[in-house]
Amino acid sequence: MAAPYAFRFAFQSVLREKWINLLSTLTIATGLLIITFAVFSVYNIDAATKKLPEKFFMMLYLEDNLHGQGLENVINTLRKDNAVETVRYISREDALKELKGTLKDANYVLEGLGENPLPDSIELKLKKEAVSPETAKRLATDAKKIKGVNEVEYGEKFLSSIHSIKVGLKIIVLTLIIITSAGIIFVCYSTVKILFYRRTDEIETYKLLGATRGFVRAPFIIEGALIGTAGGLLSLIGIISFYYMVLLKLSLTIPLFKAILFPTNIFLLLPVTGLFLGITGATIALGRLRF
Amino acid sequence: MIHFHNVSKHYDNQTALRNINFSIEKGEMVFITGPSGSGKTTLLKLIYLAEKPDEGNISIAGWETNQLRESSIPFLRRNIGVVFQDYRLLSNRNIFENVAIALMIRGVNDKEVKTRVLDSLKTVNLRHRVNSYPKALSGGEQQRIVIARAIVAEPTVVLADEPTGNLDPDTAAGIIRLFKEINLKGITIIVATHNRELFRNTCKRVIRLDNGNLVGEEVG
Ligand SMILES: Nc1ncnc2c1ncn2[C@@H]1O[C@H](COP(=O)(O)OP(=O)(O)OP(=O)(O)O)[C@@H](O)[C@H]1O
Ligand SMILES: [Mg+2]
Numbered sequence: 447m448a449a450p451y452a453f454r455f456a457f458q459s460v461l462r463e464k465w466i467n468l469l470s471t472l473t474i475a476t477g478l479l480i481i482t483f484a485v486f487s488v489y490n491i492d493a494a495t496k497k498l499p500e501k502f503f504m505m506l507y508l509e510d511n512l513h514g515q516g517l518e519n520v521i522n523t524l525r526k527d528n529a530v531e532t533v534r535y536i537s538r539e540d541a542l543k544e545l546k547g548t549l550k551d552a553n554y555v556l557e558g559l560g561e562n563p564l565p566d567s568i569e570l571k572l573k574k575e576a577v578s579p580e581t582a583k584r585l586a587t588d589a590k591k592i593k594g595v596n597e598v599e600y601g602e603k604f605l606s607s608i609h610s611i612k613v614g615l616k617i618i619v620l621t622l623i624i625i626t627s628a629g630i631i632f633v634c635y636s637t638v639k640i641l642f643y644r645r646t647d648e649i650e651t652y653k654l655l656g657a658t659r660g661f662v663r664a665p666f667i668i669e670g671a672l673i674g675t676a677g678g679l680l681s682l683i684g685i686i687s688f689y690y691m692v693l694l695k696l697s698l699t700i701p702l703f704k705a706i707l708f709p710t711n712i713f714l715l716l717p718v719t720g721l722f723l724g725i726t727g728a729t730i731a732l733g734r735l736r737f
Numbered sequence: 053m054i055h056f057h058n059v060s061k062h063y064d065n066q067t068a069l070r071n072i073n074f075s076i077e078k079g080e081m082v083f084i085t086g087p088s089g090s091g092k093t094t095l096l097k098l099i100y101l102a103e104k105p106d107e108g109n110i111s112i113a114g115w116e117t118n119q120l121r122e123s124s125i126p127f128l129r130r131n132i133g134v135v136f137q138d139y140r141l142l143s144n145r146n147i148f149e150n151v152a153i154a155l156m157i158r159g160v161n162d163k164e165v166k167t168r169v170l171d172s173l174k175t176v177n178l179r180h181r182v183n184s185y186p187k188a189l190s191g192g193e194q195q196r197i198v199i200a201r202a203i204v205a206e207p208t209v210v211l212a213d214e215p216t217g218n219l220d221p222d223t224a225a226g227i228i229r230l231f232k233e234i235n236l237k238g239i240t241i242i243v244a245t246h247n248r249e250l251f252r253n254t255c256k257r258v259i260r261l262d263n264g265n266l267v268g269e270e271v272g
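So the protein sequences, as listed, match chains A and B.
According to the working numbering, the stretch in the first sequence is residues 447 to 737, in order.
According to the working numbering, the stretch in the second sequence is residues 53 to 272, in order.
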């Protein structure tokens with residue numbers, strides 16, 4: 447029965463204290479925008495680097511004149527490795543043909559060479575989930591030990607830097623999200639606390655007239671939820687306007703921007719996140735008050 | 053209804069009440085009198101649980117107050133309507149809302165709130181001021197709003213702390229008449245006042261305090 451009054455009191459308070467509530471809402475919206483952009487960047491970097499493992503391969507250069515049993519042995523040993531997806535043998539003749547194919551019109555570069563300078567080789571593709579600096583390194587060392595393998599080559603630096611960029615970025619973004627969320631909770635906490643202290647007299651009167659704890663607290667929790675949700679909605683509007691007014695226009699003129707992904711459904715979570723953070727802040731604020 | 057047994061109350065180094073014993077039965081109308089600072093307000097505060105006794109026991113409507121759980125206090129208070137000496141009106145709410153709040157905290161629905169608030173305001177002759185704010189009312193008018201708020205939820209006990217402090221003798225007499233009418237419905241009334249005129253010829257019980265001591269009883 448008291449619930450409608452709690453909502454009414456909360457709405458009255460939002461209007462009565464419109465400036466402080468507006469300021470809090472804007473702050474929350476800004477915080478949520480920061481989180482959104484962070485998530486947005488990670489999402490895009492992840493998407494952009496998702497195809498990298500498919501392109502990743504390792505080249506094994508073989509000793510000259512390795513045929514029959516020796517070659518079979520190398521290929522079979524490699525196939526047994528868990529990290530290996532495919533093993534492709536490339537004879538020196540095929541390698542030359544491939545090279546000519548890529549060079550096309552610049553074929554003359556090769557004309558000076560009398561004999562085929564290329565070695566026989568094996569191209570290894572790794573399983574998607576196995577593409578990591580550690581596995582690649584391990585596989586390279588193992589492969590080098592196989593009899594008949596002369597040299598192993600792969601983009602070691604490239605792989606490890608991509609990996610550390612991804613990990614580093616995720617740590618930074620996660621830290622940012624945690625700090626910003628804590629900030630938003632703190633804004634809701636302070637707002638509710640200020641509103642509470644501004645009304646201690648009024649609250650004391652309610653209590654003397656026989657109001658329960660719930661009757662006194664509920665409007666504040668609702669108010670925290672309201673400013674949190676409002677902040678979430680505002681940031682949603684912000685991010686959607688960013689999409690239509692900036693990203694969409696940019697991608698019309700600069701095609702590169704077309705590659706940027708915009709996960710609309712994720713952004714729908716914003717009001718819910720705001721609601722949750724608002725309630726959390728308000729609950730903490732009231733939890734520490736004596737009455 | 054209300055029993056005080058060896059009750060004492062001290063503030064810091066000040067003794068407000070010393071070893072008080074009395075009982076008030078259901079349906080009685082009682083005056084508490086005594087000079088300023090004698091402990092009248094303190095005594096009422098002990099009844100509506102705004103203060104706790106330092107010694108002794110108080111029982112109200114069958115509840116032993118020192119055994120009462122914190123969460124039960126609101127429900128005990130709902131049996132009591134209080135006319136506060138300092139009014140405690142909400143300055144940012146109009147008269148209607150100020151009276152209605154007593155019903156809202158009890159979860160009474162809007163429709164019933166409306167009829168009961170208007171009835172109550174009619175009782176104190178301030179029906180026409182429903183939309184005013186406390187600031188726009190005279191001291192005496194504010195006092196009558198507080199009375200309306202105290203009786204609107206039909207409590208079993210009404211505590212009135214100096215309810216006529218701001219009223220002229222005629223209006224004051226009217227207020228006492230009003231309390232007597234309410235009392236006739238079986239509601240227990242306790243009026244704290246230093247004004248002897250209020251209880252003269254009322255034929256009601258008068259409890260006399262002086263400097264925190266209960267010094268005597270008489271009939272007004
Ligand atoms: N909150 C408090 N802190 C300290 N002392 C207090 C407090 N409230 C009351 N007192 C003291 O307790 C004594 C009794 O006060 P109380 O308010 O009960 O008197 P009263 O009879 O209601 O007086 P009045 O007629 O002026 O309203 C006084 O000496 C007062 O100074
Ligand atoms: Mg007093």
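Just so you know, these hints were derived from the structure itself, not from any lab.
We put the CB at the ideal spot given by N, CA and C, even for glycine.
Certain hints may be false.
Said to hold, decoys possible - Quick list of the computed label-pair ranges, beta carbon to beta carbon:
1) A:465 to B:62: 39 to 47 angstroms
2) A:487 to B:183: 52 to 60 angstroms
3) A:624 to B:167: 28 to 36 angstroms
Stated by the list, open to error - DSS-like cross-link-like pairs, simulated, lysine-lysine; straight-line CA separation at most 25 angstroms:
4) A:464 to B:104
5) B:187 to A:653
6) A:464 to A:501
7) B:163 to A:653
8) A:653 to B:104
9) A:464 to A:639
Claimed, not checked - Covered by chain A, according to a simulated footprint, are these stretches of chain B (three or more residues, beta-carbon under 8 angstroms):
10) 138 to 149
11) 220 to 227
Hints and how they fare:
{"no.": "1", "hint": "A:465 to B:62: 39 to 47 angstroms", "verdict": "44 angstroms, holds"}
{"no.": "2", "hint": "A:487 to B:183: 52 to 60 angstroms", "verdict": "56 angstroms, holds"}
{"no.": "3", "hint": "A:624 to B:167: 28 to 36 angstroms", "verdict": "54 angstroms, violated"}
{"no.": "4", "hint": "A:464 to B:104", "verdict": "39 angstroms, violated"}
{"no.": "5", "hint": "B:187 to A:653", "verdict": "22 angstroms, holds"}
{"no.": "6", "hint": "A:464 to A:501", "verdict": "56 angstroms, violated"}
{"no.": "7", "hint": "B:163 to A:653", "verdict": "23 angstroms, holds"}
{"no.": "8", "hint": "A:653 to B:104", "verdict": "15 angstroms, holds"}
{"no.": "9", "hint": "A:464 to A:639", "verdict": "15 angstroms, holds"}
{"no.": "10", "hint": "138 to 149", "verdict": "holds (count 3)"}
{"no.": "11", "hint": "220 to 227", "verdict": "violated (count 0)"}
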